[in-house]
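Use these hints to put chain S onto chain C, whose structure you have.
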Amino acid sequence: MASYYEQKWETMSRDEMRAHQDKLLAEQVRHVYANVAYYRDLMDGKGVKPGDIHGVDDLKLLPFISKDDLREAYPYGMLAVPLSDTVRVQSTSGTTGKRVVAFYTQEDIDLWDRCCARAIVAAGGSNKDVVHVSYGYGLFTGGPGLNGGSHLVGSLTLPMSSGNTERQIQFMTDLQSTILCCTPSYAAFLAETIHEMGLRGKIKLKAGIFGAEAWSEEMRRHIEQRLGIRAYDIYGLTEISGPGVSFECEEQTGMHVNEDHFIPEIINPITGEVLPDGEKGELVFTSISKKAFPLLRYRTRDICVLSRKACSCGRTLVKMAKPMGRSDDMLIIRGVNVFPSQIETVLINCGFEANYQLVVDRVNYSDTLEVRVELTPEMFSDEVRKLEMREREVVDKLKSMLGIAAKVTLVQPKSITRSEGKAVRVIDNRGGKL
Amino acid sequence: MAIDQLSVFVENKQGKLVEVLEALGQAGIDLRALSIADTADYGVLRVIVDRPVDALKVLTDLGFAVRINQVLPVSVDDAPGALGNTLRVLSDAGIFVEYLYAFVAHGEDRAFVILRVADNEGAEKVLRGRGIAIASKEEIYK
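Sequence order for the protein chains is C and S.
Mapping of the first sequence onto my numbering: residues 10 to 443, in sequence order.
Mapping of the second sequence onto my numbering: residues 264 to 405, in sequence order.
Next comes chain C alone, as it looks inside the complex (with noise of 0.2 Å):
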């Protein structure tokens, strides 16, 4: 029997749901229209109006907001609310350019507690469990979004943050945690350092809440079966609010989108078009209940696909696939879109593990790809013709999913370095390269 956090807006109807986002989308536009001057532009620049506004159905008729836009709004541009009603800042990490930052009222913060909470309760976490959240605390929204959330279940709290991986490991088994939160990579570090401390069977973990990243079925396959705990994705952005703004139930089939407070939609990346559910393409969310920075139709550039299907676990919330990667992952090579997530797939079929590095060049005037990846102890030949077949097979089936020729190198063990925050999985040495 699943259990809800908050089973009223987990299992509610259809129709109800419509009405409600019916009701604050609508208040939503008109809060922001009413505060916010830099999409009060947009929407004029669009001659809509607020009262052009009456529900979901008219969702489409706003317009867009990017990253640059909020990179142009930096910092204060798109707050909506005074300073004196704001509690938290949270920032992006910057990676793919200039930070973000986004603001928190106090209510922001209890609703965003709650969806981390329902999280927590759908990877089967109660008030005993012990949750060991791994995640970076401070500007990043992972640690700070399931402590919030696993507080509100009730469950004891292990804000270890990350790095130090000997002392989260002294943690998980002195205090026995049950649920790992952290990112999937880290995960799977924490997985192959366990072994090699043998200390597996010390552990008592039961389930792990693993996201901010790009992750593969085979990578959740992998560390389920090295931890012997169930793995359940979790999605979320600090555009629209943190971790939690969808979530996987037990049914490990895609992530519940917590639509009472986020509307999802996927659009024609090209065109803005939307698109209808089942087709693939750039999520875009609209946040109708958060105040101090209720951004409406915000492009994620993460591509996936939303799913309204029946659901086992009794959740009516919409769900949407694993993302295929964010498309700042997403390389352009020879004209080829690739997602490092897939080149992960074929790695882990060939049974090498989830520890590579793609490196992207441009020699005469065409892009080359480079797969660097861990030799494993137990695949090494001292008959360099079984290496060699190794690397073809790799080879063959990079070639045969993406339709592009790859090298593919052999590495020794353990010579990637590990993350231990998001992993960086990919060197682009094109920059300026004719």
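Bear in mind the hints are in silico, worked out from the structure with no lab data behind them.
Treat the hints loosely; a few may be bogus.
[Said to hold, decoys possible] So the derived label-pair ranges between C-beta atoms look like this: (1) S/A356 <-> C/N346: 53 to 61 Å; (2) S/N332 <-> C/K318: 32 to 40 Å; (3) S/T323 <-> C/N346: 37 to 45 Å; (4) C/Q261 <-> S/G288: 31 to 39 Å.
[What the hints assert, rightly or not] Computed list of chain C residues with no C-beta within reach of chain S, every gap over 10 Å: (5) A35; (6) G60; (7) G64; (8) V65; (9) F73; (10) A82; (11) K107; (12) I279; (13) C359; (14) T385; (15) F389; (16) P422.
[As the list claims (entries may be wrong)] Covered, in the sense of this in silico footprint (three residues per stretch, anywhere, with C-beta under 8 Å from a C-beta of chain C), are these stretches of chain S: (17) 369–379; (18) 382–394.
The structure displayed is predicted, hence computed values, not measured ones.
Glycine included, C-beta positions come from ideal geometry on N, C-alpha and C.
Quick look at chain S alone, frame taken from chain C:
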């Protein structure tokens, strides 16, 4: 009798091979024979050492991919045509040699040829049947 051979994955990077050899040296492990198969990006170092299990541990702890497998040490006259003769015997018996390397014995007119074949016992039988000696562990480390 087949003996242990240690093989190590070595990236083609400055200092990598030195790292392996120094680690073995510091552990007091004696190298008896060595060969490297190299590709553009990496090499496979194959060594015959006096304490293969210790060597395996030393290198594994340093993060190297290492493996021990069995190879056949053949003892041949250090004379023209001797190695060719040995390989002819194997070839005629349909035994495929993956790779080989040779070294000369201390103070004797003999050479040892390390053979990597799929079936050590089968190869040993064929060679002995044609009067070709297989070296013992003791001879190798003498």
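Hints versus structure:
no., hint, verdict
1, S/A356 <-> C/N346: 53 to 61 Å, "holds, 55 Å"
2, S/N332 <-> C/K318: 32 to 40 Å, "violated, 52 Å"
3, S/T323 <-> C/N346: 37 to 45 Å, "holds, 40 Å"
4, C/Q261 <-> S/G288: 31 to 39 Å, "violated, 52 Å"
5, A35, "holds, 60 Å"
6, G60, "holds, 65 Å"
7, G64, "holds, 59 Å"
8, V65, "holds, 55 Å"
9, F73, "holds, 45 Å"
10, A82, "holds, 47 Å"
11, K107, "holds, 36 Å"
12, I279, "holds, 39 Å"
13, C359, "holds, 16 Å"
14, T385, "violated, 8 Å"
15, F389, "violated, 4 Å"
16, P422, "violated, 5 Å"
17, 369–379, "violated (count 1)"
18, 382–394, "violated (count 0)"
Hint compliance for this structure: hints 2, 4, 14, 15, 16, 17 and 18 are not met, and every other hint is.
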